[in-house]
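Q: Count along the sequence shown from 1, add 3, and you get the number used in my numbering.
Derived from the structure by calculation, the hints contain no laboratory data. Note that the structure is a prediction, hence the values are computed from the model and not measured. Where is the CB? At the ideal position from N, CA and C, for every residue including glycine. Be aware that one or more of the hints could be misleading.
The calculated lysine-lysine pairs, modelled on BS3-like cross-linking and capped at a C-alpha distance of 30 Å, are [what the hints assert, rightly or not]:
| hint | residue 1 | residue 2 |
| --- | --- | --- |
| 1 | LYS52 | LYS65 |
| 2 | LYS10 | LYS54 |
| 3 | LYS74 | LYS95 |
| 4 | LYS52 | LYS10 |
| 5 | LYS7 | LYS52 |
| 6 | LYS54 | LYS65 |
| 7 | LYS7 | LYS54 |
| 8 | LYS95 | LYS54 |
| 9 | LYS95 | LYS65 |
If you anchor each label on the Cβ, the simulated ranges turn out as follows [what the hints assert, rightly or not]:
| hint | residue 1 | residue 2 | range |
| --- | --- | --- | --- |
| 10 | GLU46 | ASP77 | 34 to 44 Å |
| 11 | ASP39 | ARG104 | 34 to 44 Å |
| 12 | LYS7 | ARG104 | 43 to 53 Å |
| 13 | GLY72 | PRO113 | 37 to 47 Å |
| 14 | PRO8 | GLU33 | 14 to 24 Å |
| 15 | ASP124 | THR11 | 14 to 24 Å |
| 16 | ASP69 | GLU46 | 39 to 49 Å |
| 17 | GLN16 | ALA57 | 25 to 35 Å |
| 18 | PRO8 | LYS74 | 49 to 59 Å |
| 19 | LYS74 | ASP36 | 27 to 37 Å |
| 20 | GLU29 | ASP120 | 12 to 22 Å |
| 21 | GLY72 | ASP120 | 41 to 51 Å |
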Amino acid sequence: MNIKPIKTAEDHQRALVRIDELWDAEPNTEAADELDILVTLVEAYEETKYKIDAPDPVEAIKFRMDQEGLKDSDLVPFLGQRSRVSEVLNRKRRLTLPMIRRLHNGLHIPLECLVTDYELDSAGT
């Protein structure tokens, strides 16, 4: 086993090829250990090199609406009256803590998506 840190795109590609070769390794073998180490190294490299930021709260809400086939009116129990739903979705109004809690509990949107800062439309408050 000759494992080195993954520092470049070429190192990454070599590691991926080796992972493919080792994929069916029997558990508790040297090959399985090598596979485990390489997967960990690749994950660490990809986390820093290809980081995907979480969506802002409004995009997270819209994504969940799309997943669940929800209409704006379906958000009334979570955000309040229809005008407030429209204001939030159009970035005219920020989410409040009670709204965040209801969205998280009711629609299972991750808190880390709902509590991130985001820009309001320039006409918003």
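Q: Compare the structure with each hint and give your call.
A: Okay, the hints, checked on the actual structure:
1. LYS52 to LYS65: Holds, at about 27 Å.
2. LYS10 to LYS54: holds (16 Å)
3. LYS74 to LYS95: At roughly 18 Å apart (the allowed maximum being 30 Å), LYS95 and LYS74 satisfy the hint.
4. LYS52 to LYS10: holds (10 Å)
5. LYS7 to LYS52: holds (17 Å)
6. LYS54 to LYS65: holds (22 Å)
7. LYS7 to LYS54: Judged against 30 Å, a Cα distance of about 22 Å means the pair holds.
8. LYS95 to LYS54: Roughly 29 Å between the alpha carbons, so the hint for LYS95 and LYS54 holds.
9. LYS95 to LYS65: holds (15 Å)
10. GLU46 to ASP77: 34 to 44 Å: Taking Cβ atoms as reference, GLU46 and ASP77 lie about 37 Å apart, which means the hint holds.
11. ASP39 to ARG104: 34 to 44 Å: Once the Cβ atoms are compared, 39 Å apart, the range 34 to 44 Å for ARG104 and ASP39 holds.
12. LYS7 to ARG104: 43 to 53 Å: holds (47 Å)
13. GLY72 to PRO113: 37 to 47 Å: At roughly 20 Å between Cβ atoms, PRO113 and GLY72 fall outside 37 to 47 Å, so the hint is violated.
14. PRO8 to GLU33: 14 to 24 Å: holds (20 Å)
15. ASP124 to THR11: 14 to 24 Å: Between ASP124 and THR11, where Cβ atoms are some 42 Å apart, the hint is violated.
16. ASP69 to GLU46: 39 to 49 Å: violated (28 Å)
17. GLN16 to ALA57: 25 to 35 Å: The hinted range 25 to 35 Å holds for GLN16 and ALA57, with Cβ atoms some 27 Å apart.
18. PRO8 to LYS74: 49 to 59 Å: holds (50 Å)
19. LYS74 to ASP36: 27 to 37 Å: violated (52 Å)
20. GLU29 to ASP120: 12 to 22 Å: violated (49 Å)
21. GLY72 to ASP120: 41 to 51 Å: violated (29 Å)
Checked against the numbered hints listed earlier, the structure breaks hints 13, 15, 16, 19, 20, 21; every other hint is satisfied.
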